[in-house]
Amino acid sequence: AQSVTQLDSQVPVFEEAPVELRCNYSSSVSVYLFWYVQYPNQGLQLLLKYLSGSTLVESINGFEAEFNKSQTSFHLRKPSVHISDTAEYFCAVIGTGGGNKLTFGTGTQLKVEL
Amino acid sequence: NAGVTQTPKFQVLKTGQSMTLQCAQDMNHEYMSWYRQDPGMGLRLIHYSVGAGITDQGEVPNGYNVSRSTTEDFPLRLLSAAPSQTSVYFCASSRTGTGFYGYTFGSGTRLTVV
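Heads up: the sequence lines are chains A and B, in that order. Residue numbers for the first sequence, in the numbering used here: 1 to 114. Residue numbers for the second sequence, in the numbering used here: 1001 to 1114.
Don't take every hint at face value.
[Unchecked claim] Listed below are the simulated DSBU-like cross-link pairs for lysine-lysine, each with C-alpha atoms no more than 30 Å apart in a straight line:
hint : chain 1 : residue 1 : chain 2 : residue 2
1    : A       : K49       : A       : K101
2    : A       : K69       : A       : K111
3    : A       : K69       : A       : K49
4    : A       : K69       : A       : K101
5    : A       : K101      : B       : K1009
6    : A       : K49       : A       : K111
7    : B       : K1014     : A       : K111
8    : B       : K1009     : A       : K49
Rather than coming from a laboratory, the hints here were simulated on the basis of the structure.
Kindly generate the complete structure, drawing on both the sequences and the hints.
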């Protein structure tokens, strides 16, 4: 079984400032890792994913996340946030051995202020 | 448009009433699941299905029933609604075989039990 910890429930940040949303996971097997974003009153959308290969993965809107196996982390970063990035962000994990049960963290609310 | 369709979007129930939340997908995904989202608790798995005729319990199954008679549909039934079931419910689907395809989410059903 896997588990995900998102220590920060809320992260306020000013527009154009950098941000990091932290995600740590626990698993006895190899994992795939995901970040989902939920804009107000909407469903979840896949932001980016780590499957294999390069440990640094990027999204089309400037977010990136780095898989760190030794620290069991998959932190999400953006060098300069925009008001439109205000949303809730969920980290999720699944074992690579098959099955489809994705385990989610409790979410981090990113609030970008002017 | 291809995707996961959930109905209704909003529902208010009285304690003790029953209802069915509908979920349909047109992507021929074998795996379907129901999550509930509550503040500070992230998404918790209620029930899931790996194919027509096969269902299983997730993390919080009590008070909910599911069935999977077709690949496309995965309804969630509340037998006797309770205020503790006030939540936002999301249906998600994915291909099976490996875990790295990620989920496609519906837009959610916001349920209030009074």
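Quiz prompt | Hints that the structure is at odds with (numbers, increasing) | solution = As far as the earlier hints go, only 7 is violated by this structure.
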